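Put together the whole structure using the sequences plus the hints.
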Amino acid sequence: MTNLPYLKSIIQFFDIHRSDIKRLGDLKGNRFTIKFENTSKINTNSKFLNYFGLQRFGKCKNNHFIGEMILNKKYEEAVEMIMRNSKGYESFIKLKQNCLPVDNFKDLTSFCDSTEKYIFMMKMKNKSDKNIIFGLKREIRMIYLHAYQSYFFNESINEEINKNERKNLPETLPLKKFNDKMLKGGERKVISECFDLKGKKSGNDFIVSFNLCTSSYATIALREILAKKSD
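Note that the UniProt record's numbering has the sequence shown beginning at 1, numbered continuously upward.
Hints were generated in silico from the structure; no laboratory data involved. All values reported here derive from a predicted model rather than from experimental measurement. Fair warning: there could be bad hints in the mix.
Unchecked claim - Computed cross-link-like contacts, EDC-like style, restricted to lysine to aspartate or glutamate with a CA-CA straight-line distance of at most 20 Å: (1) 35 - 196; (2) 189 - 165; (3) 177 - 68.
Shown next, in the form of structure tokens:
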């Protein structure tokens with residue numbers, strides 16, 4: 001987890017069973033149980049600023065830039081940035097420049113995810129960048145577009161903090177609406193909270209468990225839980 005280099009979490013699954021299909025909006029929240037190694041105490045303040053977590057912005061932390069390019073119809077730049085995120089990008093360039101035989105295409109994509117494979121394949125077929133973007137699965141395009149919207153929300157929180165120094169913060173801030181049917185806008189809480197927060201010492205470690213509503217990020221909550229209080 002970025003910003004928490006000393007944190008090691010152990011993930012265990014309990015009571016796994018089949019149930020009805022869950023759809024977007026069905027879940028009410030998530031419960032987490034995490035062990036912090038070599039930690040003697042935690043911050044018991046259960047409230048935290050409701051930022052979107054880093055995972056919202058992707059492994060290269062640039063999903064919001066890709067979303068911005070898609071919204072601004074800069075499809076070539078969007079496709080290029082997605083490809084540059086891939087481990088196969090340099091090999092793809094050599095392939096396009098005829099420095100590698102076409103037979104190497106399968107090797108090139110062997111360590112790519114499905115989105116990267118699709119884009120490399122379409123580029124090899126000389127498809128237009130616009131067609132490539134709109135040929136992506138709807139869920140993938142939503143990831144990029146929502147990342148851009150999330151970036152604006154996080155910046156809005158920062159602006160409020162600069163004005164109010166965490167005092168008298170508004171209850172909610174708008175999720176910016178853009179000219180795209182996937183980004184309808186709305187409101188999001190500025191402050192979120194860990195519910196049923198419990199912690200216990202276990203040797204040199206500390207085990208903490210808590211509930212979060214579905215729209216909040218555990219990585220952001222953990223940042224507050226592990227924050228050192230000023231004396």
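Structure-based check of all given hints:
1. The suggested pairing of residue 35 with residue 196 holds, with an alpha-carbon distance near 16 Å, which does not exceed 20 Å.
2. A hinted pair counts as satisfied when its Cα atoms are at most 20 Å apart, and residue 189 with residue 165 qualifies at roughly 17 Å.
3. Between residue 177 and residue 68 the CA atoms are separated by roughly 13 Å; this keeps the pair inside 20 Å, and the hint holds.
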